[in-house]
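Novice: Listed here are the chains, written in short residue letters.
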Amino acid sequence: MSEQQLVAILPHILLSAAILVQMMVIAFARNLRTTITVSIIALIATGLAFIPVYSLIPINVTPLIILDGYAIFYSGLILMSTLAVTLMAYDYFKDRGENQDEFFLLLLLATLGALVLVCSSHFASFILGLELLGVSIYTMISYPQKGLLTLEAALKYLILSGVSSTFLLFGAALIYAISGNLQFAELAPVALVTQGAGELFLTAGSALIFAGIMFKLSLTPFHMWTPDVYEGAPAPVTAFIATVSKGAIFAVTLRLFSSSNLIEVPAILTGLSVVAILSMLVGNLLALKQDNVKRILAYSSIAHLGYLMVAFIAAGMIGGKVLAVEASSYFLFAYFITTLGAFGVVTIVSLGNQEMDAGDISNYEGLFWRRPMLAIMFTLTLLSLAGIPLTVGFIGKFYIFTVGVTTMLWLLLSVVIIGSGIGLFYYLRIIFAMTKRTEVNAPEIKIPIAGGCVMATITLATLFFGLYPTPIINLINSLVLSIT
Amino acid sequence: MEAVVIPMEHGLALAAVLFSIGLVGVMVRRNIILILMSVEVMLNACGLAFIVAGARWSEPDGQIMFMLILSIAAAEVAVGLGLLLQIHRRVGSIDVDETSRLRG
Chain A
257 MSEQQLVAIL
267 PHILLSAAIL
277 VQMMVIAFAR
287 NLRTTITVSI
297 IALIATGLAF
307 IPVYSLIPIN
317 VTPLIILDGY
327 AIFYSGLILM
337 STLAVTLMAY
347 DYFKDRGENQ
357 DEFFLLLLLA
367 TLGALVLVCS
377 SHFASFILGL
387 ELLGVSIYTM
397 ISYPQKGLLT
407 LEAALKYLIL
417 SGVSSTFLLF
427 GAALIYAISG
437 NLQFAELAPV
447 ALVTQGAGEL
457 FLTAGSALIF
467 AGIMFKLSLT
477 PFHMWTPDVY
487 EGAPAPVTAF
497 IATVSKGAIF
507 AVTLRLFSSS
517 NLIEVPAILT
527 GLSVVAILSM
537 LVGNLLALKQ
547 DNVKRILAYS
557 SIAHLGYLMV
567 AFIAAGMIGG
577 KVLAVEASSY
587 FLFAYFITTL
597 GAFGVVTIVS
607 LGNQEMDAGD
617 ISNYEGLFWR
627 RPMLAIMFTL
637 TLLSLAGIPL
647 TVGFIGKFYI
657 FTVGVTTMLW
667 LLLSVVIIGS
677 GIGLFYYLRI
687 IFAMTKRTEV
697 NAPEIKIPIA
707 GGCVMATITL
717 ATLFFGLYPT
727 PIINLINSLV
737 LSIT
Chain B
4 MEAVVIPMEH
14 GLALAAVLFS
24 IGLVGVMVRR
34 NIILILMSVE
44 VMLNACGLAF
54 IVAGARWSEP
64 DGQIMFMLIL
74 SIAAAEVAVG
84 LGLLLQIHRR
94 VGSIDVDETS
104 RLRG
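Read top to bottom, the protein sequences are chains A and B.
Okay, so the first sequence: first residue is 257 according to our numbering, each after it adds one.
Okay, so the second sequence: first residue is 4 according to our numbering, each after it adds one.
Each hint should be verified, as a subset may be incorrect.
Pairwise CB distance ranges (calculated) [as the list claims (entries may be wrong)]:
#1 B:Leu88 x A:Asn730: 48 to 54 angstroms
#2 B:Arg92 x A:Ile632: 40 to 46 angstroms
#3 B:Pro63 x A:Ile296: 38 to 44 angstroms
#4 B:Ser61 x A:Leu719: 56 to 62 angstroms
#5 B:Pro63 x A:Leu525: 46 to 52 angstroms
#6 B:Ile9 x A:Gly677: 54 to 60 angstroms
#7 A:Ile296 x B:His13: 51 to 57 angstroms
Hints listed in this document are in silico derivations from the structure and should not be mistaken for laboratory results.
Bear in mind that the values here come from a model prediction, so they are computed numbers and not experimental data.
Built from N, CA and C at the ideal position, the CB exists for glycine as well.
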């Protein structure tokens, strides 16, 4: 391995070293403040280590890992979200008894998995990253150990995620059988095979891979686990699953399918369109009859991943790739910010309640009168999820529209419009509940310092990038388009 | 004497059958241990498929993927059994229907 390659994977090495340090710190000096400091320093150092990498890109480190602008953009997004989740989790866990330190160890491990995922260019590193992320998340879901709900959510996620990994592996094995290659980029010539057994293997293999990925991205018809896991998991962990886990898996999927040309297989595109339409409809319609904010957000995330799939499909159309990659990157950026904001509020409202997270909508009634700042922040993130102008979510959705119009996906676009219309209803329902004047003697909500700072940053970012998205668009143009 | 070579398709068919058995097991079984075992069967079916595919190209890659799958399976089951112990301690049962509280 050359010197340059060592520099290129310096972020991963640093994060791995930090995980070992964290383990030692927990073993010898168990103290939540120390643990959290080590975590934050590790995340920032890993982020800074990407600066020297920038001058080397694109660079392959062994056939397994590739570092390019695309990887750097998503790594940055992941590290920032993890930082936000770390601070939220600190508030959440600090008053919940002893032995909360290992949670932050697991969080760093999951982040390492996500970083490996966005850099992977080979099925082996894909699976490795996926499982590093997945196994850490199972443990994180069941971490609070209070009540049966978290355990059940964790077990459900474990079994379904295990099954989906086997789908992915079997698909990869079929593609390997026909192509003799496990590296994404070298699959490209094989994707053009259109006759005999080769085509069968190829279609079956990519369909199986996609089924596995659909589980992880919670796309219909494999979305069943999402509301249960979102409800059962602690709020910061839900935020992590909704953003980092899904974002990293989407990033590697886009890389796999665009660098191997598998996305241009016609059967795959048709299947994907059906999946996208179903996700948008099912997600939005089922959200209507929920009374639990966490479940509403779960269904809304199913719908959002459906919108994202529109950009993904456009990447497979002629002339759509560049714009589609740009659109999906911006959409994911917006989705990350708003989802973190929404679950940040849920975390803060849940702080007073040790037994269960404040999921039920009645916990939010009258929030405008009790905690106006918090309610305004929540309103903003909900409006951003709904795609109202002046928020970052609007620009994200606008991008999806643009890319859909350019590639003439009229059917998908009409479903996006219908879905957004339905979506407005259940977001507004939460907002109306917050304005209700009630005389309930709800527990007082204290806004913690760390969580308050995170929320303030997120709110500002929601507004700022909604009004002035140019910096992010320029960043995306200079980094992300390297995979097209 | 000429060596008999098993065609790749046969090996893959066997793997596919094993995979289906595992999948049916996950969906039909109510006992959590048996569900975890079924997931294991599915993972091993993938391993077999990789080995067969690797043999076709006479490369070691397939076998290396199998080793990777083995370690993944071990990690998954370790966490799964840990959760199972906790659930058994709380509910006194490892039947999925009796432990189910969430609506899903």
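Novice: None of the hints should be skipped; say for each whether it holds.
Specialist: Hint check:
Distance hint for B:Leu88 and A:Asn730: a CB-CB separation of about 52 angstroms, consistent with the stated range 48 to 54 angstroms. For B:Arg92 and A:Ile632, the hinted distance range of 40 to 46 angstroms is satisfied, since their beta carbons lie about 44 angstroms from each other. For the pair B:Pro63 and A:Ile296, the beta carbons lie near 42 angstroms from each other, so the given range of 38 to 44 angstroms is met. The hint said 56 to 62 angstroms for the Cβ distance between B:Ser61 and A:Leu719, and at roughly 60 angstroms that hint holds.
Range check, B:Pro63 to A:Leu525: about 35 angstroms between beta-carbon atoms, so the 46 to 52 angstroms window is missed. Between B:Ile9 and A:Gly677, the C-beta spacing of about 57 angstroms keeps the proposed range 54 to 60 angstroms intact. At roughly 55 angstroms, the beta carbons of A:Ile296 and B:His13 sit within the given window of 51 to 57 angstroms.
Consistency note: the structure conflicts with earlier hint 5 alone.
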